[in-house]
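Given only the sequences and the hints, what does the whole structure look like? Please build it.
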Amino acid sequence: MNGPHASPPSDLETLAAFIEHRLPEAERRRVEERLARDEEFYEIYTETLQTLEELEAEPASASPISIGPRLHQRGRARLLSLAASLVVVSGFVLMWAMPRYFLGSTGPTGVSARLGDRADWDLKALHPTTRSAGDPASWTFEWGALGIHLGTHLIDLQVALEAGDWRAAERAAAQLAGELKGSLFFDGGTFEEMASSLEPPEARGDEGEHPGLAPDTRDRHLQTLAEQDELFEQTYQQLGLRAYHLGKWLESTRLMALSRDERPLRNRLGRLSAAERILQKDGFETYKLQRSEEILDRLKLLREADDPQALDFKAIAKLLEDLIVELGRESSSLEP
Amino acid sequence: MTGTSSSARRWNPFSRRSGSNDGPQESWEKTFLAHRERIELAAERVAKRAGLPPQEVEDFVAGVRLKLIEDDYAVLRKHRGQSSMATYLITVVHNAFKDHCDQRFGKYRPSAKAKELGPCGRALERALVVDQMELEAAVQALAQRPDLETTESELKRIAEQLPPTKVKRRFVDEQALEQVPVSSSGSATEHRLLDGERARQADQLSTVLRSALQALPAQDFLILKLHLRDGQTLATIADRLELPQRPLYRRKHKSLDTLRNHLEAKGLSWPEVRDLLEWNRDLGLGFDPEDSHPGSAGLGAAT
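Protein sequence lines, in the order shown, are assigned to chains R and D. 1152 is the number of the first residue of the first sequence in the working numbering; add one for each residue after it. 847 is the number of the first residue of the second sequence in the working numbering; add one for each residue after it.
These are computed hints drawn from the structure, not numbers from a lab. Mixed in with the good hints there might be a few duds.
Said to hold, decoys possible - Here are the simulated DSS-like cross-link-like pairs (lysine-lysine), alpha carbons at most 30 Å apart as the crow flies:
{"hint": "1", "chain 1": "D", "residue 1": "Lys959", "chain 2": "D", "residue 2": "Lys944"}
{"hint": "2", "chain 1": "D", "residue 1": "Lys959", "chain 2": "D", "residue 2": "Lys1100"}
{"hint": "3", "chain 1": "D", "residue 1": "Lys924", "chain 2": "D", "residue 2": "Lys913"}
{"hint": "4", "chain 1": "D", "residue 1": "Lys894", "chain 2": "R", "residue 2": "Lys1432"}
{"hint": "5", "chain 1": "D", "residue 1": "Lys1002", "chain 2": "D", "residue 2": "Lys894"}
{"hint": "6", "chain 1": "D", "residue 1": "Lys924", "chain 2": "D", "residue 2": "Lys953"}
{"hint": "7", "chain 1": "R", "residue 1": "Lys1451", "chain 2": "D", "residue 2": "Lys1100"}
{"hint": "8", "chain 1": "R", "residue 1": "Lys1439", "chain 2": "R", "residue 2": "Lys1465"}
{"hint": "9", "chain 1": "R", "residue 1": "Lys1432", "chain 2": "D", "residue 2": "Lys959"}
Stated by the list, open to error - Some chain D residues well away from chain R (every beta-carbon gap over 12 Å; in silico):
{"hint": "10", "residue": "Glu875"}
{"hint": "11", "residue": "Gln978"}
{"hint": "12", "residue": "Met979"}
{"hint": "13", "residue": "Glu1000"}
{"hint": "14", "residue": "Lys1002"}
{"hint": "15", "residue": "Arg1096"}
What the hints assert, rightly or not - Quick list of simulated restraints, FRET-style, between CB atoms:
{"hint": "16", "chain 1": "R", "residue 1": "Lys1465", "chain 2": "D", "residue 2": "Arg1096", "range": "34 to 40 Å"}
{"hint": "17", "chain 1": "R", "residue 1": "Ser1348", "chain 2": "D", "residue 2": "Glu1000", "range": "50 to 56 Å"}
{"hint": "18", "chain 1": "R", "residue 1": "Gln1431", "chain 2": "D", "residue 2": "Arg1092", "range": "14 to 20 Å"}
{"hint": "19", "chain 1": "R", "residue 1": "Ala1177", "chain 2": "D", "residue 2": "Leu981", "range": "47 to 53 Å"}
{"hint": "20", "chain 1": "R", "residue 1": "Ser1348", "chain 2": "D", "residue 2": "Ala987", "range": "55 to 61 Å"}
{"hint": "21", "chain 1": "D", "residue 1": "Arg1092", "chain 2": "R", "residue 2": "Asp1463", "range": "22 to 28 Å"}
{"hint": "22", "chain 1": "D", "residue 1": "Ala1045", "chain 2": "R", "residue 2": "Arg1180", "range": "34 to 40 Å"}
{"hint": "23", "chain 1": "R", "residue 1": "Pro1351", "chain 2": "D", "residue 2": "Glu890", "range": "44 to 50 Å"}
{"hint": "24", "chain 1": "D", "residue 1": "Ser999", "chain 2": "R", "residue 2": "Glu1205", "range": "25 to 31 Å"}
For every residue, glycine included, the Cβ atom is placed at its ideal position computed from N, Cα and C.
Structure (structure tokens):
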């Protein structure tokens, strides 16, 4: 049953393209034929899928930039320099990836303001008092919804800070503070403080020099954000839930769709099954799961377009938004 | 930020054609550096998942790094842009791991059960099959490895679950056989004889099953492999193979019916097959006798 070795890089690249749903029909069939008959090739395929899933589940990969435990493991000393360089690089990538209609001629502030508008969520804060502490199922569920909220707002705050958009950053920080108010596990005061420290350039008196956020303020807040992200990730890991990670993943994917960033978006859409599994394992309520799976099915249909021009970025972003709203709903608001 | 945005447009980590203003060598080096951390993490995970000892994990990661750099980044240069560079490099890591295993362990491949049991299962099976260690010695050696975080009793429990055919049989001469104590009922000897007979039947079943599977359309065979051997749900398979989900249930039942008919035509009744599969759950194909996925009939229900 063992076929020829899959060593030629061209075969490996074809396999990678198969995994990413980038092959035309006839070539897909050829790969399937080989996967069925060639054990070595099949093993590379299944192991690659597993590794991709594991890497996708790494906290660092949910976010447009790498923040979180992976960096923590390598030591805090490296964190600052890495974070600084990654901030710069991801800022570059965002700038590079923005289509013209997004960039316009207004420079970075204009970009971020538009992005900030798109990330203006109306998610009702899940105050701890609304959680039913006595019922473990409900408790788990509410932690799931809270994780989605936290992940979503954290990504928005990160993007706003990177873009130097103090208004959007202030709004996202205030939303995070609201979510965490009164929490026994997290300190909402950190974000409250951040929101109140963000002020317009005219108040700082340096609008000519830095029309958005002052770089040192931005870097300081990004560092705080990285620390909070680490804390959220660790707490959710201890709870055995991945909802927070999923929230980050969904929101950063939605922003990729909004910025029409085709390649990474296709990558993300190729891994919808991983998101599906997180949903199933995290104990979201059945009604919510059914609705979410419907949305995921529609997303799968949208990713089929081979032609980048035909990829419906707007519809994909809307569906991801619907999914975030659905998963972030309070249990008391669910229909029977 | 505005002052550096022009360099941002030159360097794009998502594309192999990045850094067009640099020389080719610098460009590939940048691409390598952009992916290095992820690739090393992937290599580390692959090797750890296989239960390799820490030193060997490190060696493998270093080997992958070298493979990507050697011959002026030849592996990177061969990327044609058909897939993303990131996914392509993960397949390269797995291919390198396959080569590494070929060199280290020959043609041995872990059983489906050993894979399911994780790094400890794989390390133990390898110790028993490749290194031909006695069970007690293998258990003691592996329990000493801090990276496996296991105990002797846990390893013994794992050993009981490993497929017997994977563990090399040791032949003894007739004299030694005479030394084997016979219990009053003679049941121990009967068990041995029965096991020998079962092993022969299992070999026969394995051959018949392989030929039946090969006769299935490639996509149906692939669906069964992913579903029954690797435990993937039909929803996941539909997603991965870009197929509508609902018809997959019918296709699976149809394939299982075909297999059952093929087995029966070769004179193997379902009770015999089930008995053999229960005795040895890893006939080189890794199929479980009962398909435990909800709502599915499985081979068992076809009787």
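Structure-based check of all given hints:
1. For the hint linking D/Lys959 to D/Lys944, the alpha-carbon distance of about 19 Å falls within 30 Å, and the restraint holds.
2. The suggested pairing of D/Lys959 with D/Lys1100 holds, with an alpha-carbon distance near 26 Å, which does not exceed 30 Å.
3. Using a Cα cut-off of 30 Å, the hinted pair D/Lys924 and D/Lys913 holds, with the two alpha carbons roughly 13 Å apart.
4. A hinted pair counts as satisfied when its Cα atoms are at most 30 Å apart, and D/Lys894 with R/Lys1432 qualifies at roughly 24 Å.
5. At roughly 21 Å between alpha-carbon atoms, D/Lys1002 and D/Lys894 fall within 30 Å of each other, so this suggested pair holds.
6. The straight-line distance between the Cα atoms of D/Lys924 and D/Lys953 is roughly 28 Å, inside the 30 Å bound, and the hint therefore holds.
7. Between R/Lys1451 and D/Lys1100, the direct Cα distance comes to roughly 26 Å. Compliance with the 30 Å bound is thereby established for this hinted pair.
8. A C-alpha spacing of about 23 Å is found between R/Lys1439 and R/Lys1465, which places the hinted pair at or below 30 Å, so the restraint holds.
9. Proximity of R/Lys1432 to D/Lys959 is assessed by CA-CA distance (about 23 Å); at most 30 Å being required, the pair is judged to hold.
10. The claim that D/Glu875 is not at the interface with chain R holds, since no C-beta of that chain comes within 12 Å of its own (minimum 16 Å).
11. Its beta-carbon lying about 23 Å from the closest one in chain R, D/Gln978 satisfies the requirement of being farther than 12 Å from that chain.
12. Interface exclusion of D/Met979 from chain R stands, the closest Cβ pair being 25 Å apart, more than 12 Å.
13. No beta-carbon of chain R comes within 12 Å of the beta-carbon of D/Glu1000; the shortest separation is about 21 Å.
14. With a least beta-carbon separation of about 27 Å from chain R, D/Lys1002 lies farther than 12 Å from that chain, consistent with its non-interface assignment.
15. Interface exclusion of D/Arg1096 from chain R stands, the closest Cβ pair being 19 Å apart, more than 12 Å.
16. Distance hint for R/Lys1465 and D/Arg1096: a CB-CB separation of about 36 Å, consistent with the stated range 34 to 40 Å.
17. One distance hint, 50 to 56 Å for the beta-carbon pair R/Ser1348 and D/Glu1000, holds here, with the actual separation near 52 Å.
18. Distance hint for R/Gln1431 and D/Arg1092: a CB-CB separation of about 18 Å, consistent with the stated range 14 to 20 Å.
19. Between R/Ala1177 and D/Leu981 the CB atoms are about 50 Å apart, so this pair conforms to the stated range of 47 to 53 Å.
20. Range check, R/Ser1348 to D/Ala987: Cβ separation about 58 Å, and the 55 to 61 Å hint holds.
21. Range check, D/Arg1092 to R/Asp1463: about 24 Å between beta-carbon atoms, so the 22 to 28 Å window is met.
22. At roughly 38 Å, the beta carbons of D/Ala1045 and R/Arg1180 sit within the given window of 34 to 40 Å.
23. Separated by about 46 Å at the C-beta atoms, R/Pro1351 and D/Glu890 satisfy the suggested range of 44 to 50 Å.
24. A hinted range of 25 to 31 Å holds for the C-beta pair D/Ser999 and R/Glu1205, which are about 29 Å apart.
No hint from the list above goes unmet by this structure.
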